[in-house]
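If you follow the hints, you should be able to join the two separate chains into one complex; please do so.
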Amino acid sequence: MHNKPDIVEILTRSQTGEYCTVKDWDVRRIPGAIRAMLKKYNLAKTCDQENPVNWDYELADAFYQAGYELALELGMLCESTERIIKVSEEELNNSIKFAPSELFLGEGKDGTWLRARTPADPYPMKIAASLGITVSEDIFPILVEAIAREREVDILEAGSLVTVFGHEVLSGTPWETLMGYRHGRLHREIRRRAGRPGMGAIGSISSVTEYGQFGAYGTPGAFLPRDLALILLPSELKVDYRSLHKIIHTLNCGGVMKCDSPSMIGGMSGPPEGAVLSAIAWALLSYAILQNHTGGGEIYDVRYLANVNREGLWALSVTYQALSRNTHLLVHGIANEVSGPCTENLLYEIAAGLATLACSGSSFTTGPRTAGGKLHDYITPLECRFTAEVGHAASALEPKQVNDIVKKLLPYYESTIKTPNVGIPFQEAYDLETMQPIKEWEDIYRKVKHEVIDLGIPMDEF
Amino acid sequence: MSHAELIQGVSTAITNFDDEEAKKKTMEALNAGVDPLEFIKRSVQPAMDHIGKLYEDGEIYLPELILAGDAASAVLEAAVPRIAINDQAKAMRGTVVIGVMFGDNHDIGKNLVKALLQAYGFKVIDLGTDVPVKTFLDTALKENADIIASSTLITTSLPYQRQLIELLKASGNRDRFYVILGGGPVNPKWTKDIGADGYGNDAKDAVALCNKLVTEDLKPPLDHPVIVGAITR
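As they're listed, the protein sequences go chains Z and V. Residue numbering for the first sequence follows my numbering, starting at 1 and increasing by one per position. Residue numbering for the second sequence follows my numbering, starting at 1 and increasing by one per position.
For reference, chain V alone in the conformation it holds in the complex (with noise of 0.2 Å):
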């Protein structure tokens, strides 16, 4: 089989939703030599193109978006490990570590950012709902991060959000992540007020919001937190 018709097989395993299927074949293709670089730009990318633009065509929905999402990350954890340590940072837009507040367990829409993200070629680290402030620290740290996403629905979990803030700072952390938020009650003033570098109205936004902030030169904190989404008056 050629190095082309293995690339396109891992498209089509991730196209299909199947992760046991695209790590399979991400085996064959790197064990057959295929350059696991090129290979992650040509088979992961135009398979996540696709499936995000079927998501903003409105022909599959959230569920399809997380099982392609898993599926990439398995073709992700097999090839990167193969990349040389310093080209490793360029098969990835950035990692982000995302998760809901403590206190609050509703997560439509931190799934569905977390799907995005993956989709557009973000190492997403998910830490679930009801998360303390120190896990999100510990995994950044861990993951050494560029992100930190949090989100709650709830505005009795919005305090928190602070909390992680000045958790940064105490620990001499704040410059290394850019700290990003998301969610109901969350708007562009609580973002500014409490110090954060993002907000995102929607779930693209959030994206737009990563994109912008690991392509631009930038460092954290910002001084001005960077808004996407209009809230307007």
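Same shape as in the complex, but just chain Z (with noise of 0.2 Å):
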């Protein structure tokens, strides 16, 4: 019998571990421990923003021990009952150890194996499109079904539902039961019509409470255990029942589940070296607190709402880096855009973003996050096309090179992150009777392609 925490052990460690404010928790706990242990192995300010992609292995994982020994003294907090749920060397180990290295997502020849990868690993880091940004429900279905597609894209998330069946939702209330449901049929109907039936598949994202889980996973017509579910926790290093409640449920549908919770540079874990280090810490306790199968490894750098800036592209190869180097977990990366559909800032923040988190070892993405996320509608399939070839042709670079790539992108974009260019929503950037991109987003993404192409991203040719 191998000693790791199950969810009952989990469940009285949240009633009964040490207690803890939240606020003592986010102003003193985390960042102190994180202050010490980047001065303990002397990785504070190394953070290099002429080199937005680390190459230097050393580096990581010394972030990775770093990490690893902050995730053992921290442990994660309990919102909900304000106790520490800590666990020991033993069953952390025995966590990861344990935790699975290739898992298989959908069903036949349309499913999708992820596997651990390391820097520079030739199996192509897999991608899921796109991440949950609102779309009308009238929309949902021609807008989801020209991602599922994109044969490039390897797993269907989809966008969120604005309403269900015509109705606004609002939390807590029964309508998020009824838009999970309706998200999770829909989304299996979308995958059928497509013609990838057993295309792998994220989910809810349309309600990411406990209810809108109840409704679309496990449930018969929706999302099936072989699918991802979908569980969004607080950040940092923070977990609660309402999360709680979706991974036991998870578990009771003999389901595997994708736990995320960014580390927020410019937050709580401060710096980028502070992000870095609190990501690693929770990726790990996410195997063993939250029986984790896949995830863990996300930042966002609050400061610009993104995380294709310097600072967030550097912490995001390091953190990837120290992850995949040291363990066989599916780690799992979020690379965040500003601008949105036809621009071509949309696409240099795409291709900065994917390169970086594919070389750097990340066994799957999920984007993009078109517009910041931040406007209805304001997703294309193209995009979504551009994200799975990018990242599919990242895969195998060595990250010296991809930093001599990203430097040359970012002078592109990176004066507007702050200002970005929200572009046009889908029902402008497509002919909804062909379902093709307006030609003049077509030509943008031809130019910025072959561009990509010069800088070094082996994609195909047209």
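Just so you know, these hints were derived from the structure itself, not from any lab. Ideal Cβ positions, reconstructed from N, Cα and C, are used throughout, including at glycine. Among the hints, a few may not be true.
For the chain Z half of the interface with chain V, some residues (derived, Cβ under 8 Å), not all of them [claimed, not checked]:
hint, residue
1, P31
2, V169
3, S171
4, S235
5, I248
6, L251
7, M264
8, G270
9, P271
10, V302
11, K374
12, L375
Okay, structure coming up:
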């Protein structure tokens, strides 16, 4: 019998662990422990903005060791009870050791193998599209089907429904349960219509509470246990009963889950180096405490509402190199773009973010986050295709090569990260009769794709 | 100890993120006869200006900003009651009731806005996360607030922002408070659609928005919301 805490033990610890208020956790424990660990391992101010993609593996390994120690020192705080859930070193090691190193999502020829990767691994990073950008209910079926028809896209997450049966949905009401079910049914039907019924899926993004998941996951006709259940948790290093409901429901269904909780540069974990430590600690603890199957490592810069800035990219590169070189976990990355459809900058941001994730060892990614995910219907299948093309093609590149490429991409967009051009919505960027991009958007795609190929990302020519 | 030294002691306690020391030094200064209004201007404001600059320069981050805001709040709680009622408003830029809408427990953005508002001289009443609509109204009335600030990161909590506006109207209080919005899925169009008074794209934008609302000769509800933070097209 391997010593690894099961969900009963975790629930028990969420009631009996050391008491700590959320505020004390946020403003004293987390920053204090991170500062001490950065000092102990001499990692403070190692972020090199001139080289936004790290290729110093010794540095990445040092971050891993510090993040591992941080995980053991801190554990996770259960917000609902204000108790700290800690794990022993043996429990953490066993949880990492027995976590899956590969996972088949979906069914048959349409399904996808997620595999543990290392930096510059020829096995391609897999691509789930798109992030949960809100989509009008009438547009949802045709837009998501068009994304599913993009053959480079491996896994379907899709957008979030704005309404259900024309009704606005409020958190905590039965409308959420209904929305989860509606989303799950539509999602399956769309995959079938797109000719990829066995395509791997992530659900449900329309309603991210436990109610949405109860409606969507394991329900007949909606998401099946072979699909990934999406569990989003509060940061930094926190869990709550809402998330534990979802985790237990997923386990009850015999399903597999992807737990995410981005560490925030500029937030409680402080500088980019602090966010890297927090992200590594969270990823490791998610397998021990949350019974996670895949996920962990996400980072977001709250100062830029993105992570394709220099510090964000550096933090992503170090985090995934650290986790992929030192574990066989199926870590998941997200590039957070801010520009919108029919703009060159969106594609430059995608190229920088996806190449960084892919070369650094992330097993899979979900994206793009077009227009920062702020606007209804601002997502098109074309940038989903580009996301997948870059992610696949950049997987085997060395981080040093990608650093040289990213340094050439950043000047295109970094001055406008805070004032992005959000472009135009799907209904304007696509001809809804032919379901093809308008000429202007197609031309932008071709131009940027040529440029990115010329810079050294070996995508297929047209 | 001179008045100047007492005031400096309070400033230092704030920049050391020490709320207990800040409160203790404040009482010493007030008991020594320092004019409370002058005291706030010369202790809290320079200290928080310094903290704001450190944050802008990336020298400190959110936890330190929150702790400094707590220390400044401790000073104000002790000093403001010593100011004549008619002059109390001069000590603060304004009062903001802030919270995350019902159904949502994401608090990073709200915490950042709160800390920055405190740093720039606002009194902030923090309702936390998962806040029912009526709590915003009840608290704003109780605190005689100038601004109600609400945020959410999840789309299914957005409709509660509209309900807040509707409740303010139904209770006859829409003209008493500015209502401003922020958060991931919140955008200028939504702000305008539901009849809110302002939108800030990020935390610094939210501070600029609050400053504009309390310093310009405006009155809620505004016909056109004030949008701070560019989303261009």
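Comparing the hints with the structure gives:
1. P31: holds, 4 Å
2. V169: Hint holds; V169/Z Cβ to chain V Cβ min 5 Å, cut 8 Å.
3. S171: Holds, because the Cβ-Cβ distance from S171/Z to chain V comes to roughly 2 Å (cut-off 8 Å).
4. S235: holds, 7 Å
5. I248: This hint is violated: I248/Z lies away from chain V, its Cβ roughly 18 Å from the closest one there, beyond 8 Å.
6. L251: At 22 Å from the nearest chain V Cβ, L251/Z fails the 8 Å test, so the hint is violated.
7. M264: With a closest approach of 6 Å, the M264/Z hint holds.
8. G270: holds, 4 Å
9. P271: With a closest approach of 7 Å, the P271/Z hint holds.
10. V302: Holds, because the Cβ-Cβ distance from V302/Z to chain V comes to roughly 6 Å (cut-off 8 Å).
11. K374: Check passed: Cβ of K374/Z comes within 5 Å of chain V, closer than 8 Å.
12. L375: With a minimum Cβ separation of about 6 Å from chain V (threshold 8 Å), the hint on L375/Z holds.
Checked against the numbered hints above, the structure violates hints 5, 6; every other hint is satisfied.
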